[in-house]
Structure formats: C-alpha cells, structure tokens
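Engineer: Read off the chains here:
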Amino acid sequence: MTHDGIAPARSGSVLFIACGALAREILALIELNGWDHVDLVCLPAILHNTPDAIPDAVEAAVRKHSHAYDDIRVVYADCGTGGRLEDRCMELGVAMVPGPHCYSFFEGNAAFAAHEEMTAFYLTDFLARQFDAFVWEPLGLDRHPALRDTYFGHYETLIYLAQTDDPALDAKAQSCADRLGLAYERRYTGYGDLATELHSWA
Amino acid sequence: MSDDQDDLVLSELEDDDLVQQMHDDLYDGLKEEIEEAVNILLERGWEPYRILTEALVAGMTIVGKDFRDGILFVPEVLLAANAMKAGMAILKPLLAETGAPTVGRMVIGTVKGDIHDIGKNLVSMMMEGAGFEVIDIGINNPVESYLEALETEKPDILGMSALLTTTMPYMKTVIDTLVQKGIRDDYVVLVGGAPLNEEFGKAIGADAYCRDAAVAVETAKAMMARRHNRVAVG
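Residue numbers (the working numbering), protein chains in the order written: chain D, 1 to 202; chain U, 1001 to 1234.
Keep in mind that the hints were calculated from the coordinates and are not lab data. For clarity, every value in this text was computed on a predicted model and none was experimentally measured. All C-beta atoms, glycine included, are put in the ideal place defined by N, C-alpha and C. Accuracy of the hints is not assured; some may be wrong.
[Stated by the list, open to error] Restricting the straight-line Cα-Cα distance to at most 35 Å, the calculated cross-link-like pairs of lysine-lysine (DSBU-like) are:
| hint | chain 1 | residue 1 | chain 2 | residue 2 |
| --- | --- | --- | --- | --- |
| 1 | U | 1112 | U | 1221 |
| 2 | U | 1221 | U | 1202 |
| 3 | U | 1031 | U | 1065 |
| 4 | U | 1112 | D | 172 |
| 5 | U | 1112 | D | 64 |
| 6 | U | 1202 | U | 1085 |
[Stated by the list, open to error] Now the stretches of chain D that chain U is said to cover, found in silico as 3 or more residues with beta-carbon under 8 Å:
| hint | segment |
| --- | --- |
| 7 | 78-92 |
| 8 | 115-128 |
| 9 | 148-155 |
All chains, please: the whole structure from these sequences, using the hints.
Structural biologist: Now the structure itself:
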C-alpha cells in the first residue's frame, strides 16, 4: 500500500479514488454500510510525502477509470497541495473531501481547526503502523539521528488520532513519541468527517 | 563521496585541492572537517570573504543543484547546511572586521501559526553566504512582528515562509497590511514554502515566489540590482 496502492474490483458504479493511507478505513466503511455499488482504487500512500505529485496522480487515475464508472469521487483532502488538488478536481468535475488533511477530517474539520495545535505532530492509525516508512526513514533519522531536533525541535506533543481502539497501536504511537522526544497524547476520533462525507457520496 | 577520508590530512593539501576537498566534505556533511579546513585557509592568509565564497558557498551551490535534480534529499542537505553553518560561525566575526561587501539587508520569518523553519533557515544561511545581512525573526510571526522588524531593521527585502496550506494565506495578511500602511513598495517581498507556487505568490502581491534557497538568493540579487538601477536612473 505504501508504494503500490490497490486496483479497483470493477464491480460497482461508483469509484472512490483514495490515498493508500485511507484504504483500511474506507474498506471498513464500505463493508459496514454494505455499499456494494462502490469500488475503491488507492494511489500509493507514500505520495503523502511528495504532495506536489498528488494532483497529477489523481488526474491520471480519474482519466483511467472515468469510462467505467457513473460517478468518481476523490478521497483526498488538500494534503499539502496548496489548493492545487482542489483546482484539479474542479477542472475534472469530481468531488473531493473538504479540509486540509486527513488528521483534520478524522477529528472533524471544525474541531481540528478549533484546537489550533501549532506544536503538535499527528499520527493516524496508518501512520502509527507505518511510522518508520513514512516518517523516520524519509527524514533520514535512521541514518542521521542527530537531525531529530532539527526537524522536531519546535514540536512539543505527538497526538495519536486513533481511528480504532487498539492497545497495540496506542503503545506503538507512544514509542514513536518517545523516539521523537515529544510528549504523548492519544485522542480517539473514529472515522470523523470521512464517514460523513462518504455517506453523503455513497 | 570519498572512501579515503581516513588517510587524508587536510593541512597537507595545496589550496586548490583543499577547496575541492571542502566541496566534497560539505557534500558529505562533515562539520569538523569543514571547521578544520576553514581554519587552515585562515592560517594561510586567505581573506574570510574568499573562503566564504570559493569554499563554502560554491560547495553549497553544488549541494543545492543536486537537491533540485533529485540526487540529494532533505537529510543530506541539512547535514551539508550544518557543516556550512559551522564554517560560517568561524568566518562571521572576521567578515564583520574585514568589511566584506554587503549586497543588501533582509528580514525573514515564518508566518503566524507555523513553526516550520528548515527552509527558512537554509534561505537565511545562503543569503548570508551571498553577502546579505539577514535578520531572522524566527517562527510564528504575527503581522505586528514583521512590522516591528521592518521599522527597526529597515531592510531591503522581506522574506516570508510557510509550510502549511492553512498558514500560507497569512502572507497575504502581512502584504495587505503593508499596502494599507503605504509601505508595500519600500520592500522587495519574497515568499517561499512547500505548498506555495508562483501563481500564489502573484495572487497575494509578493514580488516573487522562490522555490528553494538557491532561487531565493538569485532572485534577491536580481531584485537588488534592479532597485539600484532604478535609484540610479531616478
């Protein structure tokens, strides 16, 4: 999922094109709600680290699958694209998830914005699981641990926004906070605005 | 870059070879070696400004190019920057004493709500290396902090940085305030940060968007030259 994404089952009439970091949650919502008419295609989650590449990757996926579905929805928020993904989705005529990023829509965009947690570093279930592949190694901390404070010197707390109640992930997130030298907080969010948005689409 | 580092005695190298070695050591982020080499060149009578430009800035320019070309990545650039910073720390007081040329003056800071400063710090360092006097006002700056720094420091250039989609619109708040106060045209305004682009820079009324530290330096130099020409003609 990190580098490859997943291909659609091609059985439904609606396609969700999503970030690979959301695959588990979206599949859970599809199953929970019995959305048999919905297919899911996921782009490589590692695009999270190179937001510049997201609009082109999403456009390519929309164009590739548009002939096979009645409706396509993009399960990305802005995700660091500085409004470029929203512009691209408007050009393509497809809807996307409102909000700045998944941390925000998992908690609920309004609640997230109200916190104004400038010095918080966030993990989701996915990022807690994939901490080394998405944070530690891309920042070179496996090779150059001395850089830790260059990256995280101004951060104070790691907040684990939990989509599920999983003690093992809680412990993993806590250890991530320890490795980054940050205080730790776990905040249960469930699927937040993601569930609301997908319900309105499905 | 080289596997023969252990056998290398920097003080035994000729000047040209030592400078070349410094480029390699900067590339590899070898802080202690850079400090040692800077001191060797000073002992050999090199002017601090010459060490800065020919050894450190030239070496860091190679790092910047390889970063842009996708050969080097952020961690390696940061290690190189730390090495350059260590070299500059030795040279800075000497540069002030020897009256090295100043190209211009810049106030730079990350906008309100944003604590990210890696890019800003790289820009500050490279601007200093290029002969600019840089006043870095740090992170999380409300418009009042920018105004105070502009009033106190009287720079030629204002630089603003943001990493977040949610904080980058604050740059417009700062520029709009400069316009309201009738002082916008007193400064060259440069903006940068990962989610920005040229279109955004234009839309908020900045003079230029700079995609990396090297572009920031080139843009600042070009803007200063244009300013001087304008003053000379006017």
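Engineer: So which of those numbered hints doesn't the model satisfy?
Structural biologist: Failing hint: just 5.
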